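Student: For the protein sequence lines, the chains are A and B, in the order given.
Residue 913 is where the first sequence ends in our numbering, and the numbering goes up by one at each step.
Residue 815 is where the second sequence ends in our numbering, and the numbering goes up by one at each step.
Incorrect hints may have been included.
Calculated cross-link-like contacts (lysine-lysine; reagent style DSSO-like; alpha-carbon spacing at most 27 Å) [said to hold, decoys possible]:
id, chain 1, residue 1, chain 2, residue 2
1, A, K756, A, K911
2, A, K756, B, K579
3, B, K523, A, K911
4, B, K779, A, K911
Stretches of chain A that chain B covers, calculated by requiring three or more beta carbons in the stretch to come under 8 Å of a beta carbon on chain B [as the list claims (entries may be wrong)]:
id, region
5, 684-698
6, 762-770
Short derived list, chain A residues pointing at chain B, Cβ under 7 Å [as the list claims (entries may be wrong)]:
id, residue
7, T659
8, Q664
9, G666
10, Q673
11, A706
12, S829
Think of the hints as simulated: they come from the structure by calculation, not from any bench.
Note that the structure is predicted; figures quoted are calculated from it, not measured.
Beta carbons are placed, not taken as given, at the ideal position from N, Cα and C, and that holds for glycine.
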Amino acid sequence: MSTTSPTSTTDWTPQPGGAPWLSQVRAQASMEARLMLRNGEQLLLAVVIPVIVLVGAVMGADRVDLELTGRAIDVFTPGVLALAVMSTAFTSLAIATGFERRYGVIKRLGTSPLPRSGLLAGKVGALVAVEALQAAVISAVALAMGWDPAGGVGAVLGTLLAVLLGTAAFAALGLFLAGSLRAEATLAAANLVYLLLMAGGAVVLPASAYGSFGDVVQWLPSGALGGAMRDALIDGVVAPVALLTLAGWAVVGTVLTARTFKWE
Amino acid sequence: MSDAAPAVAVDGLVMRYGDKVAVDELSLTVDRGSITAVLGPNGAGKTTTLETCEGYRRPQRGTVRVLGLDPVAQRKDLLPRIGVMLQGSGAWSGVRAMEMLRHVARLHAHPMDVDLLAERLGLGECGRTPYRRLSGGQQQRLGLAMALVGRPEIVFVDEPTAGMDPQSRRTTWELLGELRDAGVTVVLTTHYMDEAERLADRIHIIDHGRLIASGSPVQLTRGGTVATIRLVVSRPFPPGAPDSLRAALGGAIEVTLLDEVSLLVTGPADATTLAKVSGWCEAQGVLPESLTLGQRNLEDVFLELTGRELQP
Numbered sequence: 650m651s652t653t654s655p656t657s658t659t660d661w662t663p664q665p666g667g668a669p670w671l672s673q674v675r676a677q678a679s680m681e682a683r684l685m686l687r688n689g690e691q692l693l694l695a696v697v698i699p700v701i702v703l704v705g706a707v708m709g710a711d712r713v714d715l716e717l718t719g720r721a722i723d724v725f726t727p728g729v730l731a732l733a734v735m736s737t738a739f740t741s742l743a744i745a746t747g748f749e750r751r752y753g754v755i756k757r758l759g760t761s762p763l764p765r766s767g768l769l770a771g772k773v774g775a776l777v778a779v780e781a782l783q784a785a786v787i788s789a790v791a792l793a794m795g796w797d798p799a800g801g802v803g804a805v806l807g808t809l810l811a812v813l814l815g816t817a818a819f820a821a822l823g824l825f826l827a828g829s830l831r832a833e834a835t836l837a838a839a840n841l842v843y844l845l846l847m848a849g850g851a852v853v854l855p856a857s858a859y860g861s862f863g864d865v866v867q868w869l870p871s872g873a874l875g876g877a878m879r880d881a882l883i884d885g886v887v888a889p890v891a892l893l894t895l896a897g898w899a900v901v902g903t904v905l906t907a908r909t910f911k912w913e
Numbered sequence: 504m505s506d507a508a509p510a511v512a513v514d515g516l517v518m519r520y521g522d523k524v525a526v527d528e529l530s531l532t533v534d535r536g537s538i539t540a541v542l543g544p545n546g547a548g549k550t551t552t553l554e555t556c557e558g559y560r561r562p563q564r565g566t567v568r569v570l571g572l573d574p575v576a577q578r579k580d581l582l583p584r585i586g587v588m589l590q591g592s593g594a595w596s597g598v599r600a601m602e603m604l605r606h607v608a609r610l611h612a613h614p615m616d617v618d619l620l621a622e623r624l625g626l627g628e629c630g631r632t633p634y635r636r637l638s639g640g641q642q643q644r645l646g647l648a649m650a651l652v653g654r655p656e657i658v659f660v661d662e663p664t665a666g667m668d669p670q671s672r673r674t675t676w677e678l679l680g681e682l683r684d685a686g687v688t689v690v691l692t693t694h695y696m697d698e699a700e701r702l703a704d705r706i707h708i709i710d711h712g713r714l715i716a717s718g719s720p721v722q723l724t725r726g727g728t729v730a731t732i733r734l735v736v737s738r739p740f741p742p743g744a745p746d747s748l749r750a751a752l753g754g755a756i757e758v759t760l761l762d763e764v765s766l767l768v769t770g771p772a773d774a775t776t777l778a779k780v781s782g783w784c785e786a787q788g789v790l791p792e793s794l795t796l797g798q799r800n801l802e803d804v805f806l807e808l809t810g811r812e813l814q815p
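The shape of chain A in the complex, shown without the other chains (with noise of 0.2 Å):
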């Protein structure tokens, strides 16, 4: 009507519909996945971090003359497995929560097809994208220095059955803290609590390794991820109370971040 213009024959003419669900949640996924790989920091913290640490446990531990109970490659890869978990399902899933409100982003997807199912979906569906990519890599490094993991039912269960409880626990908690948080704070508070854990959660260590402190981080969700996921790869077997010790945190975050989090 108003122009003639040679590109003004674009058909406008209304179609509107959603994709179906799983398409929705495969393309919000792999954009997650993408957006959290491409991040410097957020690569620095789910693979530089745990392959240093590794590499690092196995040399200081053949000095420091630490008492552990096999070969310390096997003793520190399941933990450092923990650590990449507890990195991507706690500190990157907060952070890029954090400032997807504060950018207004989930205020965008709100009126989107995308239903808040989807976008949480999604969010797993990341996390998952990513902690194989963290698995596959540190998996890979430790086995180039000898690691000799423990094979089996018990081992393969043990090591998923962790895997998945932990993601759980520590998404719960992390949304949690991107919910009730300003975007910085998320950021700052993400980080610490990670250097805390790694350093005293019995993640990497095992909590015998902690003295009589050991009983007390047992019960926190890193060294019951850690706990798994040593009975599972160097036992070869489930480790029930570390297992519903997730099982407990998962629910405690979930109804923790059911009731504070604000999606804007």
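Could you slot chain B onto chain A? The hints should help.
Tutor: Chain B alone, transformed into the frame defined by chain A:
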């Protein structure tokens, strides 16, 4: 699309933030396939009203229906059918412009061709630029593209041309006109008079959360006998100037002080009125710097209705 419900029906909407009443018993409708502008100064309640239509806020009182659906209770059915352009941001800071647009496209069943859309909106050159490095105008255009990519039946655009350069503004107006011609309902908020006047089929003027006038631009500005004289003087008016001028003019003539050196006379702007205005200037010892005759425009309508200028 055969159902006869209006595109938007707001009835007796009340929204409060604490003690502050943002929307006060607001009722309005938007016809399908029209461009409707919700016009008002900042803080008039435009965005709050829009956000209840978009399902972000639950009406505290009154009802809101979009395409006959409740935006909160029937959110799932409604969301795929509407497109929303928010005021500012709404994207990850590290995401590239085209990547963001593609992502939103993938959430829809029948998205538009994203390259074509980007070209129409002049996003071609900044397609690989991270969102945080886009200019304000580019972010606005990307926001509009995200609202349109799903081929919606209604688009809600909140201050669509804020921060755009004049050329982008014209492109955006052109495009919104095309949308209407294709049967899309466009609801826009704006505090630009020229935008509403030029673009809208229907205008709802809101102030302090209340609807104070509705109609087509022509109805609202109903020309003919009513016109305006804008008087600007070199030194501030003496106190009581509007009253004394009103007395001097007599009759159905309205005088509004715009600021200390300018005022607006609304009424039959004929030679008699003009002569009276200059006679009054002489009597008051003020020197007219300019005396402008004009048709009544939306700006004047707003001024008459509220006693304030729309844009500070």
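Student: Hint by hint, note whether the structure agrees.
Tutor: Hints, verified against the model:
For the suggested pair A/K756 and A/K911, the alpha carbons sit about 10 Å apart, so the restraint of at most 27 Å is met. Between A/K756 and B/K579, the direct Cα distance comes to roughly 15 Å. Compliance with the 27 Å bound is thereby established for this hinted pair. Between B/K523 and A/K911, the direct Cα distance comes to roughly 22 Å. Compliance with the 27 Å bound is thereby established for this hinted pair. The hinted pair formed by B/K779 and A/K911 fails the criterion: a straight-line CA distance of about 62 Å is larger than 27 Å.
Under the rule that three or more residues need a Cβ within less than 8 Å of chain B, the assignment of the region 684-698 of chain A holds, with 3 such residues. Counting residues of the region 762-770 of chain A whose beta carbon lies closer than 8 Å to any beta carbon of chain B gives 3, which meets the minimum of three for the stated coverage. At a threshold of 7 Å, the smallest CB-CB gap from A/T659 to chain B is about 6 Å, leaving the interface hint in force. The interface hint given for A/Q664 holds, since its Cβ lies 4 Å from the closest Cβ of chain B, which is under the 7 Å cut-off.
At its closest, the beta carbon of A/G666 sits 3 Å from a beta carbon of chain B; the interface hint therefore holds under the 7 Å criterion. Because the beta carbon of A/Q673 sits about 5 Å from the nearest beta carbon in chain B, less than 7 Å, this interface hint is met. The closest approach between the C-beta of A/A706 and any C-beta of chain B is roughly 32 Å, which is over the 7 Å cut-off, so the hint fails. With a cut of 7 Å, the hint placing A/S829 at the interface with chain B is violated, because the nearest CB-to-CB distance is about 20 Å.
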